[in-house]
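Protein sequence lines, in the order shown, are assigned to chains A, B and C.
All residue numbers for the first sequence refer to my numbering, where the first residue is 1 and numbers rise by one.
All residue numbers for the second sequence refer to my numbering, where the first residue is 1001 and numbers rise by one.
All residue numbers for the third sequence refer to my numbering, where the first residue is 2001 and numbers rise by one.
The set of hints was computed from the structure by calculation and includes no laboratory data.
For every residue, glycine included, the Cβ atom is placed at its ideal position computed from N, Cα and C.
Among the hints, erroneous ones may be present.
[As the list claims (entries may be wrong)] Covered stretches of chain A, going by a simulated chain B footprint (3 or more residues, C-beta under 8 Å):
(1) 167 to 181
(2) 245 to 255
[As the list claims (entries may be wrong)] Stretches of chain B that chain C covers, calculated by requiring three or more beta carbons in the stretch to come under 8 Å of a beta carbon on chain C:
(3) 1159 to 1168
(4) 1507 to 1519
(5) 1570 to 1583
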Amino acid sequence: MATLIPAAAPPRSVPKPQGRLGGRWTRFALRRTGRLLVSLWVLVTVSFLMIHLVPGDPVRAALGMTAPTELVEAKRQALGLDDPLLTQYVHYLGNLLHGDLGESITTQLPVSETISQRLPATASLAVLAFLVAIAVAIPLGVAVAVATRRGRRRRTELAFAGSSVVLGAIPDFLVGVALVAVFAVGLGWFPVAGRTDASSYVLPVLALAIGPAAVLARIVRVEMLSVLETDYVRTARAKRLPARRIHLRHALPNAVTATLTLGGMLLASMIAGTVLVENVFAWPGLGSTIVQSIVTKDYPVVQGTVLVYGLGVLVINTLVDVALAVLDPRSTIGEL
Amino acid sequence: MSQRWFRIVKTPVGIVGLGLLALIVLLAVFAPILWGDKASTVDTENILAGPSAQHWFGTDNLGRDLFFRVLVATRLSLTLTLVATALGTVIGLVLGTAPQLLGGRLGRLVTALVNVFVAFPGLLLVLVFAVIFGVGARGAVLAIGLAVAPGLARLCQTLVAGVAGLEYVAAARIAGVNRFRIMARHVLPNVAEPLIVNVTITAGAILLSFAGLSFLGLGVQAPEYDWGRLMQDGLSGIFVHPLAALAPGIMVVLAGLAFNLTGEAIAGVFGISTTTGTGTMQVPSGETPVTELRHDHEADGDLVLDVRDLSVTFPGVNGPVRPVRGVSFAIAVGEAVGVVGESGSGKSLTALAIAGLVEEPASVDARHLTFCGTDLLEEPANGQTHDKLLGTSLAVVFQDPMTSFNPTMRIGAQLAEVGRHHQGLDRKEASERAVDRLRAVRVRDPERRARQYPFEFSGGMRQRAMIGMGLMGSPRLIIADEPTTALDVTVQSQVLALLQDVRREEGAALLLISHDVSVVADVCDRVLVMYAGRIVEDLPTADLRTRARHPYTRALVAAVPAMTTDVDAPLATIPGHPVEPAQVPVGCAYAARCPLATQRCLEQDPTLTAGPGGSRVACWHATEPAEVLTAQEAIA
Amino acid sequence: MSTLEFDHVTVRYGASTVLDEVSLIVPDGEIVGLVGESGSGKSTLAKAAVGLAPVHGGQILLDGEPIRLRGRHRPVQMVFQDPFSSLDPRMTIGESIAEALYRPESGRLSRAGRRVEIARLLELVHLDAGRAGHRPGELSGGQRQRVALARALAGRPRLVIADEITSALDVSVQGAVLNLVREMQRELGLSMLFISHNLAVVRYVASQVAVLEGGRIVEHGPTAEVLGRPQHDYTRQLLAAIPGGHDTLTKETNA
Ligand SMILES: Nc1ncnc2c1ncn2[C@@H]1O[C@H](COP(=O)(O)OP(=O)(O)OP(=O)(O)O)[C@@H](O)[C@H]1O
Ligand code: SF4
Ligand SMILES: [Mg+2]
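Assemble the whole structure, with the sequences as input and the hints as a guide.
Structure representation (structure tokens):
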């Protein structure tokens, strides 16, 4: 491999030392906020357009072929679907600013009310699963990386790789079904469905966390392994620091930075994962709501829930970027 | 290339993955033909029955056999997956190559758009598209295909941008090749493998998504059925017999694994994912010719470093490989020794081995290795390590200042660590010492600089800081491996001057590795010339240009143009290639390129022997200056 | 071969001006060396001449006419620094060269004609014609740079730009590539802009030297004069920094 290392590396251009620290952070905040706003706008616009992209008449579709024409017309009127698109768009945005998400076609209840009723169940599920996944994945990934570095402990490596691939490949709703079959139906340790007391959280949280934890642990391990091969870890070794310090102070923060981006996407997908898991456990959250409303073509409800989910994802992405910026100051200067 | 694809079948992961995939494809093709009828036979006698000899997995609410239904469902599940994968891949490729093909503002717009969509998880997009395209198999294919497109597009963009930035693409553009042809001929073939890996793994994810959608009741609708649909049907009866829900689930997992493992296997074979080397091996004892040391007769007290018969061995495919083969030298207190040689001659490995930084699977052997009078080959008796001695008395400076500092830690903290761990300083004392050391290596405004991160330092500044780090203790020896290669000439001369000053002030010895003979000549008292893992000549730098006796040393010096080189004569060149460590010949390693080589050179390896004036040379014909001179002309 | 003229060329990337009204002439049949630190704009000047950098002001002329930067037959060709990324690893070196071959206005080159031409070019850079079927992975760094040079010559350019073509090479092969460059210039009358950070290398191949600092040419003239009696401070600094030649090392406090 040595032949790949150029004998005389040409002088490399050196980034000019940055000026004030504050300036860098301000620019980062501006850029990041700008991106958040654009994403937000796309999200809102997509949720608005969704109903217009449905082939045919969405109201007719929602009310069914047998509904009387007058009823359909009245509903169209009420939803403002006969106005010019732009007017509707402006209207939609205006309502959004007031927290008005319209009302359900089927139940006539305000969508915002339904969402605020059901959001806590979903949010608590997602947050708990998130914490469990992180708490398991990072220590596990680091430990396995350090233990299996440079071809040591082949068997441990194989066992870890095998089980994490399999666990990562099982979709969360299937994990849920399996967990229910074993621990609820079979052993009767936990409730089968519903959200009652703390014990009812155990199975859904596990169902949601196991897959991402496995994938995340794999990523942490791979990142950790590559960080352990870097020049600066060699420098730390040359300083004869204790192994603990090399691993935890020099390698881990850098491994986590690299993990964060991928991990953030994984966690964002966990939010979406609640949709399936909630359906397995008849969890009274937004996930059941969105599926039901898609089936019944209750478009205002779909729009509202999609917005909330999207918002959750955007918040996570932003948090990840901020965390990244704190951990790795370089990321505040790059193109984001 | 095709050989590499073939290697996939030889890896365990590949065998399992491809085997599963083949099984699933066979099922998809034949199951509906063979068992289509059985799967749809209604048996009203046996509604929702549990597993039995007749119905292995039981029956559904119309009494249809679940085992056969699961098998038959393979075709629909797989077909949907493949169609959606194809859709997603095509859109992904179009969007992924668009920025390069369109260029300019339009290209950036595509990139930005993809970036926004990629932030949203696939399932959310699927749900949005499912609303638009309606509930059902067709809607699900469109929804999932579109939902995976941004991710693939982004991947494709990154890969394409990586290759498009390479020089051969620039060269093709300058040669007038148009952008579509460049994309087709140069870019896409070179990103094919990672793309294939990711598409395969995405296919696995798509399969799971279909199962999920059908499970939610948004995908395949009765009377058609895929695995997800079967699972949903089974869920209602999970109390009675769980197998009805689990059996299709297991098929989903197996199919998903088939795609994932196949992807992993391809990635492994093409080196896309990371797997580390082979296990450690026993190293056979080296039969290196015994070398004579100049300092064999000198008092040991004057030596900072004394190395004899140092070798570094790697396990190789065809037995151990030894890139450093018996290196012996010593460095006196305060002496500056340079090491020169071609790339791969073992300079860095020698330095790393001395510093104890060679890691598994390589192993280091030596007959003798003392540093400041301490035998490094022996662990100290009282259960301690050499860490403190080496941490404070040995300083190491590496080639690339850009990568040798921890990017997430402040410079000051990185220096202070040494004081904290080896000198018993508290936090405050250590950081004060760090600032003081930065000042010592002439970093301006050290208080402020200590609080900065490495990326806020220029290359030269970092190399200064790196030297400063070595000065946290009181170094007896500084090992510097190409410390200025990555720097500009003007900065290089400043860093070299700094090294000289430090050496003078601290009385430290220096081991300076460089491919640049002039750098070594400038800084060092003595130079070691390495070739194929051996020292072939050891001489005072003053003699380097005029009195070198080894043909390799002479050629090396003559090949580099200096400011005094005769511009009318062609430069000397060394014919042939350096020796690969795995293929070191029996005799002199340089024989194949040496104009003086004789039969003896091909048969016997010359030993490094001391000559008059204490210099050493390993060459059978080194003592024949007349011949060397003609050889010099021969080289030219 | 032809004369290349940079006439007050300005290149900006965003807010930073990388080249500031650079004027430089590469005369017919001569090698002009361009030296300077990293970041001084050497490579940008090269890229501007082949259309890979955005020119915001001034013009680049070839024999008095604005240089053609689009379509086939581009009159200026370039050889790059990194021998490991300058050839497509999937193409044989013959294919790489064929892609750049000059095509006569009247139709295409025949298969045999192409093969002969590739063999001629390979021999020109002292490579065995049989190498045409090899892939870059089978060649050493020095051999790859020679292939890159052959590819640059394949399009019958009127001028070649060499950007740090030896700095990634081992010292033992650098000499061979430099010898080749000089031979090309002598035998083909090649005009060349030879970029390097190594003054000794430039001194060896170039008849004229231009010194670039911070996007401006600070000194330009015959090699012997510029390196022998430098007028500008910066040139003197560069000369003083060369290891081996001078024993007084400048001691600056800030690198
Ligand atoms: N991890 C490794 N596995 C196998 N061989 C290795 C490994 N690291 C280095 N080598 C081999 O050891 C030999 C010497 O490498 P080394 O890095 O010491 O060369 P060098 O003289 O420092 O070269 P350069 O001038 O390019 O820095 C090379 O031929 C290389 O192939
Ligand atoms: S021993 Fe022989 S082959 Fe080796 S360098 Fe000396 S003369 Fe050349
Ligand atoms: Mg090296």
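The hints, checked one at a time:
Beta-carbon proximity to chain B at under 8 Å applies to 10 residues in the segment 167 to 181 of chain A; the threshold of 3 is reached and the given coverage holds. With 5 residues bearing a CB less than 8 Å from a CB of chain B, the segment 245 to 255 of chain A meets the requirement of three and the coverage assertion stands. Restraint check on the segment 1159 to 1168 of chain B versus chain C: 3 residues with Cβ-Cβ distances below 8 Å, three needed, restraint holds. Look at the segment 1507 to 1519 of chain B against chain C: 5 of its residues bring a Cβ nearer than 8 Å to a Cβ of that chain, three or more, so the hint holds.
Interface restraint, the segment 1570 to 1583 of chain B with chain C: holds (7 residues with C-beta to C-beta distance below 8 Å; minimum three).
In summary, this structure violates none of the numbered hints.
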